[in-house]
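*Asks:* Input sequences plus hints: build the corresponding full structure.
Chains as they are written, first to last, in the working numbering: chain A, 1 to 381; chain B, 1 to 209.
The set of hints was computed from the structure by calculation and includes no laboratory data. Every value quoted in this text rests on a predicted model; they were computed, and no experiment measured them. Beta carbons: idealized from backbone N, C-alpha and C, even for Gly. Heads up, some of the hints might be wrong.
Now the stretches of chain A that chain B is said to cover, found in silico as 3 or more residues with beta-carbon under 8 Å [said to hold, decoys possible]:
hint, region
1, 35 to 45
2, 315 to 322
When the alpha-carbon atoms are kept at most 20 Å apart in a straight line, the in silico EDC-like pairs for lysine to aspartate or glutamate are as follows [stated by the list, open to error]:
hint, chain 1, residue 1, chain 2, residue 2
3, B, K37, A, D38
4, B, K33, A, E209
5, A, K352, B, D132
6, A, K352, B, E123
7, B, K47, A, E247
8, B, K37, A, E29
9, B, K109, B, D132
10, B, K33, A, E127
11, B, K172, B, D116
12, B, K172, B, D132
13, A, K112, A, E127
14, B, K26, A, D38
Residue strings, one per chain:
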Amino acid sequence: MLFWISAFIKIALIVGILVNMAAILLWVERKQSAMMQDRVGPNRAAIPLLGRRFRLAGLVHSIADGIKMVWKEDWEPKNGDKLLYKIAPIIAIVPPLCLFAVIPYGPTLYLKKLGETYDPAWATDAEQVASSVRMQITDLDVGVLFIFAVAGAGVIGAALAGWASNNKFSLMGGLRAASQMVSYEIAMGLSLVGAFMIYQTVQLDQMVEWQVAHTWGIFAQPLAFILFATAAIAETKRVPFDVPEGESELVAGYFTEYAGLKFGMFASGELVEVCTSSAIVTAVFLGGWHMPFMTLQGIDLTSLGGSLVTLPHGVVVLMGVLNFVLKCVVLIFLQLQIRWTLPRFRYDQIMKLGWQILLPAALVNVFATGTVLLFLNASRG
Amino acid sequence: MTAKVKVIKKPTRSLAEQSYVVEIVKGLGLTLKHFFKGTSQLASGNKPNPVTDPYAEGCSTLDYPDEQRAYADRWRGVHRLTHRDDGSPRCVACLCCSTACPAQCIYIKPGEYPVDDPRRGYERYPVEFVIDELRCIFCGFCVEACPCDAIRMDTGTHMTALDNRASFIFDKEMLMSFAGQDGTYKTLNDRHEPGDPSHPGVDRMRGGH
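*Replies:* The structure is reproduced here in structure tokens:
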């Protein structure tokens, strides 16, 4: 019973947060780009309340945008494929939302022991396990493989949108989206193989546990981190890699013919992808909910000559979740910063980067990791 | 004798430049610097004024409707009719402005002063003074043509957007209700009433020089 209730609450919370994050990121993107380009940025839309106009530093523009999208004419291309045209935006936005299902965003919460210090014996105590809530919607055995499978489905939305619009620009955009995402899917998958070899698992919660026990993935696999982050940014189809959209060449690429809420689904799908890719990088490479000197018992300063400051279990879990959110926010900020710093790659440059640089580098990483692991195992006897 | 050939080495990129990674980090550093500068300026309200301080670091745009660029003194805005000391218009209904107007947007109905008024024969006055601001092309010829500085375009305000054409017909009272950029309804040029003994034009006649 607890499982179902907690699962329902977690799903509702995460989907709600992600969908709202899209609106907030729209604001962040506008305001952040304005700040770094020495502009003022959006600040005119306001909510008149109690005789004052609340502008919230431009956040109201996101609300105005949402309202505008709902009320826009829902135009459809006459000779397009009616069914595919309608389901393409749904296929584009659902996979990024689903990705969060396997991402662990905090340590397991034992509801009956909130005020006590964590004891590893709880994990094996049937009574405690029965009353525990995992900070993860589901711990699938396939873990990261689920992420690859679902993220790969995202390309179908873009490709279908390009096909169903009956527009040459859309078709070109859809083609580019398909080829780009399929190419980077490979580099993305291979870059994680080295991490799998070290973690000895594909389950994300176990990966985080390994990182808590040893060291963060970014230190164990620095090359894989760069490769994976690059491929993940490419998967979101945002600026350095936004040839599928390519305003200067393809009008708006695969969603040229989309208006109103359907366009909004593509746009917010992209922003949700930014969130989910940040969460995946956090879980796989940045230690998930972990922070240096933090353990499940509390804050451990013994390595600095201090002492172990024990904290109640509930506080540790809350800190863990906040750590995870903080890391995600930093990564999202970084992704938006990259989006406004780098110019767009040419189409052939993207393909070259994916196939001739990222893919061989990922393979080298796999071989190097394997060699090091072999030597380590051999030296241990 | 063979010509001396100076071999110039082709510019090459270092490994760091070719790997993108270092250069991308440098670029991110630059944009981050601007980001923090702009954010701190906007949060503290210390945004530099790009008009008076065009080379200042940080935000370089005006927060437009809240902050506005001051117009130059010669900028041509909505017309105004300047006042005399008694509050009547300085206009003497000479029709110079309406004659000079290429858009023919000025209509003046001149009137004579009463018989016993000292100004009768010296000048006339506008019974009606109407400008159709929709016809006006804001060329400023009327201001140039005016011999007594009665019509000026120094209000510093735009022609506002109004919702019907009739509102764009500005009459005498309306034109006199606008103040100049200095906030007054006068001009700096002196006006001399008929029979004014201090009129500078008669100095030489009086043998002062």
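*Asks:* Tell me, which hint numbers fail for this structure?
*Replies:* Hints 2, 4, 5, 6, 7, 10 and 11 not satisfied by this model.
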